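Engineer: Listed below are the residues making up each chain.
Number of protein chains: 2
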Amino acid sequence: MQPHAQQPMHTDVLVIGAGPAGLYQAFQLGLLGVSFEVVDALPMAGGQCAALYPDKPIYDIPGIPAINGQALTQQLLAQCSPFMRMLPGHSDLPHAPREHLHLGQVIDALQPPANAQDTFEITSTQGLTWRSRAVVIAGGVGAFVPREWPIPGVTNLHQLSNLHHHLPEASDTRAPPWAGQHLMVAGGGDEALTAVVQLANQPAPLAPAHITLVHRRHAFTATPELNEQVQTLMAQGRVTFVAGIPMAAQVTGERIEHITLTTAEGQPTTLHVDHLLVRLGLSPRMGPITQWGMAMERKQLLVNSSTMATSLPGAYAIGDICTYPGKLRLVACGFHEATLAAHACLAQLYPQACGPLQYTTSSEALLKRLGKA
Amino acid sequence: MQPHAQQPMHTDVLVIGAGPAGLYQAFQLGLLGVSFEVVDALPMAGGQCAALYPDKPIYDIPGIPAINGQALTQQLLAQCSPFMRMLPGHSDLPHAPREHLHLGQVIDALQPPANAQDTFEITSTQGLTWRSRAVVIAGGVGAFVPREWPIPGVTNLHQLSNLHHHLPEASDTRAPPWAGQHLMVAGGGDEALTAVVQLANQPAPLAPAHITLVHRRHAFTATPELNEQVQTLMAQGRVTFVAGIPMAAQVTGERIEHITLTTAEGQPTTLHVDHLLVRLGLSPRMGPITQWGMAMERKQLLVNSSTMATSLPGAYAIGDICTYPGKLRLVACGFHEATLAAHACLAQLYPQACGPLQYTTSSEALLKRLGKA
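Residue numbers (the working numbering), protein chains in the order written: chain H, 3 to 375; chain Z, 3 to 375.
If we strip away everything but chain H, and leave its shape as in the complex, we get (with noise of 0.2 Å):
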């Protein structure tokens, strides 16, 4: 994606990272009337719980005897839903856009206060800015980003406006921008042979004209069923199988026109691409969240445990990139963290608005934000 200008967004608090722990940071500033943006560089809500198990069940989440990571995602959004509304005609998915709810972006500077009056300003690589008074990191392990193909010679993979890393959403019924193309996937997981199958099976329309598939070996590392689907598409010349490692490309403007393999029989061969699909997997990256000047311990940021501030004034770390001590890093510790996050971050931006603590089953105001009363 491109890089493009936009008005900076003003909010309290820029909450980094929708997992769990940074939806219910959301909902705890909503209920506490604090005004929050949340960000996350995975194209869904869920952070970890969306990325590594979707479909796992977890057992130890406090009154739930047993939910998976996208059904969790889905009630922590649903219990944000009065302070991060859905957008009409979608769905409830965790990928559904959202009111204050920038998914797919990548934070990649922070620019703190110059003053106690001044604002954070905090930018993504996908060139959003937001003003805040306040950041809660909820960054987990790190920033879930595709692991890229990296082609000897070619130092702009994030400009090229033909690579690809991410599906269309189910529900999306645009033409994707390969249809009727020729694309090349690379990878030979899971992610990348679903893609193939996916992308094979699509109505004319929308499949692209053929799909080449790379991988570095002839042995794909996908499930039996996956790589005998793939197989048969082989068969019936649908896609074609080049087991190879990329060499050079030829880039012109902001397209890679063709791609120079060795195949794993030592040859040389080049093919044309009108679109390029990197399915290699997630990897968390820390990126330039540790860069900040902010305290660490063993590569988790060092927090005072009764707030959950870092050593930067207005920069508060919760869930699994945080640390203190006794620390676990379990789910259950992100919701409390996140609690006692967003009565600092009451404390310190509306302090004449502290008071007794108010309950949920009888606070009046609590009710009217929640849309109860």
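Wrong hints could be hidden among the right ones.
Note that the list lumps identical chains together, so a pair holds whenever it fits in one copy or between two copies.
[To be verified] 30 Å max Cα-Cα, derived DSSO-like pairs, lysine-lysine:
| # | residue 1 | residue 2 |
| --- | --- | --- |
| 1 | Lys58 | Lys370 |
| 2 | Lys58 | Lys301 |
| 3 | Lys58 | Lys329 |
| 4 | Lys329 | Lys301 |
| 5 | Lys58 | Lys374 |
| 6 | Lys301 | Lys374 |
| 7 | Lys370 | Lys301 |
| 8 | Lys329 | Lys374 |
For the record, the hints were derived by calculation from the structure and aren't laboratory data. In this text, all values refer to a predicted model and were calculated from it rather than measured experimentally.
Go by the hints and put chain Z onto chain H.
Structural biologist: Just chain Z now, kept in the frame of chain H:
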């Protein structure tokens, strides 16, 4: 009830309190392979959730958009069930008996261990004794015990065999002690009028022969519906009402035989009773916990926020009864505190078993304990 001698029960950890924090404490201990027993003063699990807002929606339990106190209790019991099995032939309701759960037990004495190899000895007013190497106090705002009806001159209320506070469980089909006899009910609120309506409408062999309702004033403080139902029973002669306060009683052995009231009009009247049912609501009582010598701050037990350890070695405190810098009295916080206390108990009791944190999504050891392997 009469105290009765019993063999002490031996366990790793005694959890005092079966509210949300205490139940999740049991789950976390079970998950770590640490044995426990849970006790509570109430006749059902759930603590404040069950006693104060069984039907009110709670909106801030992480990952649960809305749930009432009774349903939350049932979900926590279901989550605990691998470690706290229901006894055969019972429902999944909060008052159903379960392994390792002791309801209706008010803790009245705690004897700390003389040395690190020794155990705590904890006893209840009802005569049970536990020996454990650690204690987690999840006592909320105190033990919810029935308010007493003070009768001048009667000092042994707890020893009277025909003085009652609780109705039989709905699932209990045995004849209650007052079946076919004269029952006096004390109280003028929902609890008392509910009891009168429910007992008067039982089938003949279970119902009392007659009910006398005693309240200090002529007006009740119950809902209009209950008020009307009781007025109807009075008009039918099935219930006699006396506005008055107790002045004296004749006690023979462990039975109260006659009660003398001063009526609202200032007249003394003496009534024979077979059984007395006191229904003046529940009141939280901190009881002897505050006298065990643990450091306190504003009537709460001061704990180390990384382990939930009190100042008494081997004794931990979680939930509303504990305090530390930043403490918020919310259910979400109690869950995290239970998690920290479970890991601290493991480190105290089985230091050799401490290792890298394991997850229920992937650890075979945890899945085996949960019965999911």
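Engineer: Now, for every hint given, state plainly whether the structure supports it.
Structural biologist: Structure-based check of each hint:
1. Lys58 x Lys370: For lysine 58 and lysine 370, the Cα distance is within 30 Å only across copies (16 Å; inside one copy 36 Å).
2. Lys58 x Lys301: This pair counts as within: shortest intra-copy Cα distance 27 Å, inter-copy 43 Å.
3. Lys58 x Lys329: Close inside one copy (24 Å), not across copies (33 Å); limit 30 Å.
4. Lys329 x Lys301: both (14 Å within a copy, 27 Å between copies)
5. Lys58 x Lys374: Classified as between; 12 Å across copies, 33 Å inside a copy.
6. Lys301 x Lys374: neither (42 Å within a copy, 34 Å between copies)
7. Lys370 x Lys301: Neither, since 41 Å and 32 Å both go past 30 Å.
8. Lys329 x Lys374: Classified as between; 27 Å across copies, 35 Å inside a copy.
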